[in-house]
Structure formats: C-alpha cells, structure tokens
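Work out the full structure: start from the sequences and follow the hints.
In case you want the letters, here they are:
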Amino acid sequence: MLAEYQVFGPVHDDGVTLFRQIKDPSELDLQFSNSSMPPKALLLRQTETLFKFRLGRTVKIDRVNLPDDRTVIFGIRPCDARSLTILDQVFKGEYEDPYYLAKRKNTVLVGLSCTRPEVNCFCTSLNDGPASAENMDVLFTDIGEKYYVEVKSDKGKHLIAGMKGLLTSAKEENEKKKKEVERKAVASITRSMNIEGLVNTLDNMFENPFWQTIAMKCLGCGVCTYLCPTCHCFDIQDETTVTKGARVCVWDSCMYPEYTSQASGYNPRPGRMNRVRNRVYHKFNYFPKNLDVTACVGCGRCIDNCPVNVDIVDVVTRAQEVKV
Amino acid sequence: MNNNPYLPWLATIEEIRVEVTGDRPVKTFKLAFQDEKLQKDFSYLPGQCVMVSLFGVGECFFAISSSPTQKGYVEVSVIKLGKVTSALHECELGDVLGVRGPYGNTFDVDGWRGKNIVFIGGGIGQAPLRSLINYVVNNRKKYGKLDVIYGARASQDLCFKKELSELEKREDVNVHLSIDVGENGWKKFVGFVPDNLLRVKPSPKNTVAVTCGPPIMIEFVIHNLLKLGFTEEQIFTTLEMRMKCGIGKCGRCNIGNLYVCKDGPVFSYKQLKNIQGER
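Here the protein sequences come in this chain order: Y and L.
Under this note's numbering, residues 1 to 324 are what the first sequence spells out, in order.
Under this note's numbering, residues 1001 to 1279 are what the second sequence spells out, in order.
The hints are simulated quantities; they were obtained by calculation from the structure and are not laboratory data.
Using C-beta positions, here's what the derived DEER-type ranges look like:
#1 L:1035 <-> Y:219: 46 to 54 angstroms
#2 L:1271 <-> Y:305: 33 to 41 angstroms
#3 L:1144 <-> Y:292: 36 to 44 angstroms
#4 L:1168 <-> Y:292: 46 to 54 angstroms
#5 Y:57 <-> L:1168: 38 to 46 angstroms
#6 L:1271 <-> Y:25: 50 to 58 angstroms
A virtual CB, placed ideally from N, CA and C, is assigned to each residue, including glycine.
The structure is reproduced here in structure tokens:
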C-alpha cells in the first residue's frame, strides 16, 4: 500500500492523534479512539490555491494543477467517512468544486471500526454506527486475533487486490465476531439525541428566546466549526506581491461576525445568538431541506473541545422539549 | 463555460461613467471580455449577477446593471464602500479585471409579458432595476404601463441621471423621482421612496412591483404595496449578502436554507415571507 499510495493514518504526537502521512506502519497509533481533528483537511485544505496570477498592464492567469496523487486515508472512523459523503454533496451539484473533487476521486478510505467509542460519541443517533462500512471503500474491524475486512467499492477492491497474500476468506464465525464487536461498541455509546421531527421543530422555534439562552455562554471562538467534520464554509482571499499573486481559498467560520459583515457596515447576523442559531439550523434544518441529510455525524468533537461546554446533544434535546 | 467555477475570465474596462460624486460615489464600469467569442456568447437576464475580481485585491458580487439587449459587454454600477469597491473606483480605462458568472436567478421577464410593471428603487438599489428597465423599454411593446419610482438621499445621489431624464421624455414610461430632504431648485417629490409610492398609487391590477434598495426601504415599500392592494405574489425584490464563492458553497449568504447567490437574488415577497432567517 505504501508503495502505491500516499498513506495518511492516525499518528500520536504530543498528546493528540492526528492524520499524518506515514512512511512506515510503525508510526500508526491504532489505540486511538478518534483523531483530535477530523481528516477533512486532507480533502478540504485549510489553504487551497485556486489559481495564480501575474500583474501588470495585462493580467495573466496561471492555473494550478489539480493533485492526482493516489491517497489512502487509513484508520478513518465511520463518522468521519460519513462526513465526507455529506461534503461530496456540497461540492458536487450544479457547480462542481474541482479542488475537493479531484482529491476525493483519488482517495481511498480504509476505515477502522470503533471498538471503544468516546464519552461524547453519538453516531448511533444519526443512522450511523461505530462499525458501519457504508461510507468506506474498505473497513477493518479488530475481532481479536484478526481483522475482519469488508470491501465496499471498486477503489477498495483495487487496493485489496494488492494485499491478497495477507487475507483469507471470512468464515461465518468471523462475521459473527464482527457483529459482536459492533454490538459491544454500540452498547458502550451512552449519549443520544432525537432528530426525529427536528426539521419541523426548528421551523417552529426560530424566534424562540431559547436561542438567546443557548448562545449566552458561547464565546464565539469557532473551535466547533474548526473541528467539525462537516463544516466546510470558506473564504476566498488574494495574496499578492507587486507583480504576482494567488487567489486562495481558506477555511472560515460562521461563528465570527466578519463572516457576514457587509461593506456598508450592516451585518445580518450581528449577535452571537444569530450565529449560534444559524449553525444549529444549518446542520439540522437547512442541510436536511437542501440535501436531504443531517450535517452532524455524532463525532462529539465540538462537545469535547468547547471551552464553555456548549453541548450539541444537549442543545438538540432541549430544543425538542421547547413548547412552541 | 470553463469547468472550474472559480476561474474568472479577463475583461477590460472600456468605459467608466461617474454616476454620483461626493462621500458615497458611484461609478458604472463597462466591461468587455477579452475573449471575442465570449463577448458574443455571454448571455444573461436582468437580475443576474457577476463576480468581479481585482487581481490582488479580491472579488465582489455585483448585480449586472446593463441590459442583455445591449450586446457585447456587461456593466456593473458600484458604490465605493469596502476594500474591493474602493480599489475598483481607482481603476482606469483599459485596466483588466476578472469576471465570472452570470450567477443567480432572474426577473421573470417572460412571465411578466403583457403586465404593467412598477419599479421602486432607492439609491444604489437602482442598479439591478436599471437592467430590467432597459430590457423592458427595449421590448416596450411586450409590456403594459411602466412606472419608475426612484429616490435617493439627495439629488446628486441619484444614479443614472442621464438615462432617467431620457426616460422622462418618453411618453410610454412614467418616472417619479424623489429625494429625502428638500433642496433649492428641486421641484419633484420630497420624502422617502415608500411615501412617493403611496402618492403615485399604482393600481395592482395586472401589475407586478419590483423593488430594490436599502433593507429598511424595501420593508416599508412592501408594507405600502400591500396597503395598495398588491398581493404577495405580485411583489418582487432582489437581495444582497456578503458573498465569496457565488455558487452556493462558501456558506455565508444564506437566508434560512436559501442561498442568495444561487437561489436568489430575486425573491417574491410570498417566498421571502415564508423563509425564516436574517437578512
């Protein structure tokens, strides 16, 4: 695999586990629960050069080559794989984003089932599971002395073809064992939210003072958007010297007032309440309306890392209880 | 169409017209695509927008203020406010800009055939209406009675003065101008645009009303249109938001679940009333 692909996998470094390019399997941290940051940055780069230009009396645009390296994301968790299926829908459509899609096309997701979900995991509330192979090309599940391997796509088949010698056909007992591992993992997930009827609930409570209450403690730091595997909003900026420059696409965050601030000074979402509400609605109301999917995968990172304990499970649960 | 939606085409500034001077200046830029084929083939309808770039400064989303009946170029009318628009105001003839688009939906110029149209504009909000007005005037026979209601803070802040005075000369277009505060020599209406609308009192019968201007003006115009008997389906407006991509991906221009860049900028009041979201 390492000879044919550039391989990214979970690497433990200074207290956190992140997806990094590896040269040797020994670099992998396979004991991780989930990576501190989702691997979305491998496809949706934090800074992406859209094109370069040369300035002068006339302008010359220089296109950049789209990357064509064959890539494996090894050890991606089912929730993060699901987030990429969601992002695919954002970047496809009437206008296709060639930068994301070029990388996506050349990327093989070789996932690893969760055997030890974290305390704030709730993927099971979002029609997903800790050992779901649905959004994977290949999924490995640790069943004790062996890995149970599921191949879900042509990309996966091609990759697996190169490792035939290492694999044996799965027996019924192996499959049973996988189910058992999955059952145990599911049972260890303690948190849940109810998204049934949520689109409608939210439709009826946009003006509810509930959102003031929720936003009261938010600091607007944006860490939830930075770590969210489905957050994809971006800014476009020009970086330039006197004679040349580049137009770059960079991550942005809806939690910052500048995000919507207009040149006239007017800002349609001036308050933190507006921004918090917009973020919740974007995930649980606008996404379902526009793309028929809830843009939360239950990874729990926003809960783990919020400095003031804004808890999305709690927000949704309480929203469902608001009397409208 | 090139297959990378972020790549602009190069266009040269062929003409710059000063519309408004002073603190809040407005200029109209006539842009001609360098690619001759594109110059011929670039097609759009009133209401649509383009993303204009100043290389090294950034991009801005503007309503096209020219009419598609004027072939070979696009015009944008820009008020000097932020980083990009300020730099644009420094541009000279022959400078090269980037243009991508056209983006967004359009005024329903086919569906409105045979109808009377009331245009209600305020300040720079006249830019998208200018495209529509010129389109309709150039296809004059296809439409009914035309009322152009337009106002600004002061007489010097009215955009497209020359075109407006030509429209005033026409028998088949009624122009009703206003300024917010009276001035020596101003003989037309003094007061806010929504009040001028009440004074003009267009009949809602077989009529559509199209409005664009500052959010507060739009709000009162709609209020007064309803008072005059217009239904929600007869009222249209065109909105703006901060935008970056123009293609519904960067996230910021949403009103509820709709993106102004892609699902707008033209909305009927009926539609708007049913979307919850900041605007």
